[in-house]
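Student: With chain A fixed as given, assemble chains B and C onto it according to the hints.
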Amino acid sequence: MKRSLPLILAFLVGFVVILSEFIPHRPFNQIVSTLEQWFMIISGFAILLGQISLIRMNTHKIVNKLPDWQYYLAGLISFALMLIFGILWGMQETPGLLGSGEGISSWLGAKPFDYLFTNAYMPLSATLFSLLAFFIASAAYRAFIIRGLESNLLMITAVIVIIGRTSIGTMLTGWLPESMQFWHFPILADFIMEYPNSAAQRAILISAGLGIVGSSLRIILGIERSYLGGEK
Amino acid sequence: MKLTAIVERRIIYSVLLLAVALPLIFPIGWTTEVSDYTRIVYELVETTPEDKVVIVSFDYDPSTMTELQPMAEAMIEHAWKRNQKVIATALWPMGVQMAEQAFTKVLLDYPEKKRGEDFVNLGYKVGGMVTVQAMGRNLMEVYPTDNQNTAYQDIPMLKNVRRLKDVAWISSLSSGVPGIKEWMMVARDNYQVPVTGGCTAISAPGFFPYVNEQRQLYGLLGGLKGASEYESLIGRLGSATTKMDAQSIAHLLILVFIGLGNYRAFRNKRRQNS
Amino acid sequence: MKAGLLIFLIFISWGLYANSFTAMDSPWDDGKAIILNWKLSPMTRNVQIQRITDSENIVTVLNTTLPEGEFVDSALEVNHEHHYRLIAQFDEDTLSLETTATTREQWFYMRKLGFLILLVIVCIAIIYYIQSARRGKEFYIRRIAGLDSMEEAIGRATEKGRPILYVPGISDLDDIQTIASLTILSHLAERSAEYNTELIVPCRFSMVLSAAKEVVKEAYIKAGRPDAYKAENIFYLTDDQFGYVAGIDGIMLREKPAANFFMGSFYAESLILAETGFATGAIQTAGTAQAHQLPFFVVSCDYTLIGEELFAASAYLSKDPQQLGSLKGHDFGKLMVIILIIVGVILEIFGISVLKDFIAGASS
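Residue numbers (this note's numbering), protein chains in the order written: chain A, 1 to 232; chain B, 1001 to 1274; chain C, 2001 to 2364.
Next comes chain A alone, as it looks inside the complex (with noise of 0.2 angstroms):
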């Protein structure tokens, strides 16, 4: 019974929910209404399944002084000072248990949590998707190398749209006459990534949406049930 009624919800409602893609009469369009809900429900107190999740994790490494247990500790103070700044003073418009805060707020600039929210979290934030730009240069490095005939030509291709993607691109070749403006960086790059780009894209998209629908169905039917934790 554990592992049939999974099956059976599966079933039943992945079936409801394929036949109202296509039925807008009652009662399709309501019962899919109602599940989205109750996904939404679901979703928000799963938050808090999370947020559990992370203090007691945090919690049991910071007890057993496990290695690097301040990096945890550091982690669990950050965690709470925002929920407390966010509970006794509110954010933004929104005000907290213990009002606005004027008197915090005239001192920082700003409510508590918004002051850290943009003079901590965002900076953070974004210097860790900065490195992305270091990291694709070190990536681009050691990827280009020209081996044989197809990695010569993924080279040129990376180097025709890295070049037409920039300022670069415009001034190098800006000067061809009209008759020959295909020839042009950034027209070149854009006519790559519209053309061989979007092809080989499509391709893939095209073989992962049957993959989806392949998963979906074998779901659904109960075929595949390593997701529930066990097989048949």
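If you are wondering where the hints come from, they were derived from the structure by calculation, not from laboratory data.
Every residue, glycine too, gets a C-beta built ideally from N, C-alpha and C.
Treat the hints loosely; a few may be bogus.
Unchecked claim - Label-pair distances were calculated between CB atoms; the ranges are:
1) 2135/C to 71/A: 31 to 39 angstroms
2) 35/A to 2104/C: 18 to 26 angstroms
3) 2160/C to 148/A: 17 to 25 angstroms
4) 2096/C to 1115/B: 45 to 53 angstroms
5) 2096/C to 196/A: 55 to 63 angstroms
6) 1052/B to 105/A: 33 to 41 angstroms
7) 1083/B to 2085/C: 20 to 28 angstroms
8) 64/A to 1260/B: 41 to 49 angstroms
9) 2160/C to 196/A: 39 to 47 angstroms
10) 1192/B to 181/A: 29 to 37 angstroms
11) 2352/C to 1192/B: 47 to 55 angstroms
To be verified - Covered stretches of chain B (chain A as the covering partner; in silico rule of three or more C-beta atoms under 8 angstroms from a C-beta of chain A):
12) 1024–1033
13) 1077–1091
14) 1203–1209
15) 1249–1256
Tutor: Same frame as chain A, but now just chains B and C:
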């Protein structure tokens, strides 16, 4: 002298840091050409009649704001220029703050625009695609109030907006899931609302195939370049335009690295042969 | 004299111009919308359309200056008669027109017919091949290096006494890629339980966390090693995209896992994850259906599952004939798509758009 992989990486990172930082400190002022992808987005906003209500969905967080926030500001400014009313929604929790910051910035140039009449921030809702589906049926059920706790029915600009079909276009500025794809699959495919948007440069190639004859996507702003192109189209000297110099230099440097990588590989091969 | 002629012309054109205001049920929908059409004299200054509800409450649904147009009034009561009034203002006159229409909910979205037919064909093919497999027919499946490498990765982790890191993507449980990822996790967890190798699974969403915990726990029980299951190794990090990446990067640098698996949906963070893993020297396997992230994984990972391979993984790893049969169904679908593309291109060359319109109708 043979450099280890770690030393090589550190050299690459240091040079790149300089190449990005210097043009930001001393701007060069290079211009870029406007691509068709950006022009389609611009045309969509430009040809939408006045007084129409539109949605800008902030499906990102501060990490990608360097690329996506200039797009948000430029699109809001363009919509306001055309007297369209902007609803901000967020499929990402931090999108709410991103929307507030974008409105605050553009309001400096458009002080006459009023909350509730010209723009509204409906806030964040959990659920991704399911939320968009629910919005397609009834917006008020998903967002009973805006982020200021004003009841949906008391917001003047939302008087005639009951579901997604009642908006003129939707722009999703997205850095992952949920994002453009979810809007496209539900709002565009199920409710036939024009969907446009912007994404990080790293994700742009994946969305280009959707900008097709069927207009699954009405154009796409790809990364900082897309943002700077849009800024140039609406005549705004925004942050994307100034940051493009740094990006151009970084791209050039990557080309140099590719050349060096090939030189090293060629030298190693010759050494092995000999 | 001129002014008189002008007034006369305006009067004539006014008289000749048939002002119309019609309402009709939006066809083939859920019966919540009415299409309103109006065509008035070009000299119209302003048009206001009102919905007159049963209780005589009047709601203005549209205010425009366009003398001609179409408006869809939506979110209406189903199977109900709705009354509308159009008030057109001219320079000095006002014109009022009224109309009614009844919303009707239908039993089929006609525009999705093409989509339904294609879906039914693919589903029938998949079910047919599954049935064939049940009857004992064997199907060949090509080698997928990324999945074969799983043994190698677990072996290396066991040898070094280091953990395995499994990242189930950045999507929630409503993304089929995450489900596919969890099926791979199930197989990996079973093998790592057999080898007694530690498995770390950081999750971005709480729903994924619950599912991943269940999957790993069941796999350990199935492998006969429930005692080796460590609940604290499957944990939630944060909903924040790059916060999640920072957390995983930290794990990679501190715990130095011998093998990293990135399976599921990935976006801008893919290269940050893969390059950090590369720097730590771990054997890396990635798999995603996000075509635009594949190049980054290909550069930095040892093995990459491309698109559909991610969805085929469960069938490949379990060697279950029924699941393998369903893969044959995918191949039939691919063949069908190839034929449709070729036929479509030929028809378009000859200017015949029937096929394109039929299929495009599903998404227009």
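Student: Against each hint, give a clear statement of whether it holds in the structure.
Tutor: These are the hints, each one checked on the structure:
| no. | hint | verdict |
| --- | --- | --- |
| 1 | 2135/C to 71/A: 31 to 39 angstroms | 57 angstroms, violated |
| 2 | 35/A to 2104/C: 18 to 26 angstroms | 25 angstroms, holds |
| 3 | 2160/C to 148/A: 17 to 25 angstroms | 34 angstroms, violated |
| 4 | 2096/C to 1115/B: 45 to 53 angstroms | 35 angstroms, violated |
| 5 | 2096/C to 196/A: 55 to 63 angstroms | 59 angstroms, holds |
| 6 | 1052/B to 105/A: 33 to 41 angstroms | 37 angstroms, holds |
| 7 | 1083/B to 2085/C: 20 to 28 angstroms | 26 angstroms, holds |
| 8 | 64/A to 1260/B: 41 to 49 angstroms | 47 angstroms, holds |
| 9 | 2160/C to 196/A: 39 to 47 angstroms | 42 angstroms, holds |
| 10 | 1192/B to 181/A: 29 to 37 angstroms | 35 angstroms, holds |
| 11 | 2352/C to 1192/B: 47 to 55 angstroms | 25 angstroms, violated |
| 12 | 1024–1033 | holds (count 4) |
| 13 | 1077–1091 | violated (count 0) |
| 14 | 1203–1209 | holds (count 4) |
| 15 | 1249–1256 | holds (count 6) |
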